[in-house]
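> Sequence:
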Amino acid sequence: MIELLRDMYHHQAWADAEMWKALESHPGALENEAIRKCLHHIHLTQHAFLSIVSGKELVRKRLEDFSNMNELKEYAKANHTQALAFIQDCTESKLAEVVRIPWLRNPQLSLPIYQALLQAAMHSHYHRGQNATRLRELGGNPPLTDIIAWYRKEKPKAVWE
-5 MIELLRDMYH HQAWADAEMW KALESHPGAL ENEAIRKCLH HIHLTQHAFL
45 SIVSGKELVR KRLEDFSNMN ELKEYAKANH TQALAFIQDC TESKLAEVVR
95 IPWLRNPQLS LPIYQALLQA AMHSHYHRGQ NATRLRELGG NPPLTDIIAW
145 YRKEKPKAVW E
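At position 149 of the sequence shown (counting the first as 1) the number is 143 in the working numbering, and the numbers step up by one without a gap.
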């Protein structure tokens, strides 16, 4: 399980970086309200799950808390660095520890850390697809960010610029 999660999180960082570059290269894409909100949601959720599994205080930043999209991008990059470090240091016993998901109430939900990490990665994948569709609708060319493409390219590291 550890190796799969490590792959998923390295892929996620790479895929997010590829999507950011595509959005930055298409005029107006980062001014699109739906894209902006979706990017914020992706990175806030990544941050939230990492906070929970690492036992840190959950700080929910609103989109308005970022003065520009570059600040959100830097927030995303920092979170990916922290997530990769967390997963690199994980053991199977750590992955089996149970955490409570505080925003899910009625009923409350507790999950093993590996399931929480899996949810965060799959959630990001889903919303990257939404932004790819929006970028295409704006006349842009979304990058191929499927994990098979990442494997085919021999697992490149995220390049944000």
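Keep in mind that the hints were calculated from the coordinates and are not lab data.
Every residue gets a Cβ at the ideal spot worked out from N, C-alpha and C, and that includes glycine.
Do not rely on the hints blindly, as some may be mistaken.
Below, simulated EDC-like cross-link-like pairs (lysine to aspartate or glutamate); rule was C-alpha separation at most 20 Å, straight line [to be verified]:
#  : residue 1 : residue 2
1  : Lys149    : Glu(-3)
2  : Lys151    : Asp59
3  : Lys31     : Asp1
4  : Lys31     : Glu148
5  : Lys149    : Glu65
6  : Lys15     : Glu91
7  : Lys15     : Asp83
8  : Lys88     : Glu(-3)
9  : Lys50     : Glu91
10 : Lys71     : Glu86
11 : Lys151    : Glu51
12 : Lys50     : Asp83
13 : Lys31     : Glu18
Computed Cβ-Cβ distance ranges for the label pairs, DEER-style [unchecked claim]:
#  : residue 1 : residue 2 : range
14 : Arg99     : Gly22     : 33 to 43 Å
15 : Thr75     : Gly123    : 18 to 28 Å
16 : Glu18     : Ala90     : 15 to 25 Å
> Compare the structure with each hint and give your call.
Hint check:
Distance check on the hinted pair: lysine 149 and glutamate -3 sit about 13 Å apart at the alpha-carbon level, within 20 Å; holds. In summary, the hint linking lysine 151 to aspartate 59 is not supported, as the alpha carbons are separated by about 29 Å, beyond the 20 Å threshold. Under the criterion of a C-alpha separation no larger than 20 Å, the hint pairing lysine 31 with aspartate 1 is inconsistent with the structure, at around 27 Å. The hinted pair formed by lysine 31 and glutamate 148 fails the criterion: a straight-line CA distance of about 32 Å is larger than 20 Å.
Restraint check for lysine 149 and glutamate 65: not satisfied, since their Cα atoms lie roughly 27 Å apart, outside the 20 Å limit. For a cut-off of 20 Å, the pair hint linking lysine 15 to glutamate 91 is broken: about 36 Å separates their Cα positions. Only pairs whose Cα atoms come within 20 Å are accepted, and lysine 15 paired with aspartate 83 is rejected, the gap being roughly 29 Å. Of the supplied pair hints, the one linking lysine 88 and glutamate -3 holds, its CA atoms being roughly 14 Å apart against a limit of 20 Å.
Between lysine 50 and glutamate 91, the direct Cα distance comes to roughly 15 Å. Compliance with the 20 Å bound is thereby established for this hinted pair. A threshold of 20 Å between alpha carbons decides the hint, and for lysine 71 with glutamate 86 the separation of about 26 Å lies outside it, so the pair is violated. Taking the CA atoms of lysine 151 and glutamate 51, the gap is near 28 Å; set against the 20 Å cutoff, the hint is violated. At roughly 16 Å between alpha-carbon atoms, lysine 50 and aspartate 83 fall within 20 Å of each other, so this suggested pair holds.
Distance check on the hinted pair: lysine 31 and glutamate 18 sit about 15 Å apart at the alpha-carbon level, within 20 Å; holds. Separation of arginine 99 from glycine 22 is about 39 Å and conforms to the stated range, judged on CB atoms against 33 to 43 Å. A hinted range of 18 to 28 Å for the beta carbons of threonine 75 and glycine 123 is consistent with their spacing of about 24 Å. Range check, glutamate 18 to alanine 90: Cβ separation about 39 Å, and the 15 to 25 Å hint is violated.
When the structure is compared with the earlier hints, violations turn up for hints 2, 3, 4, 5, 6, 7, 10, 11, 16 and for no others.
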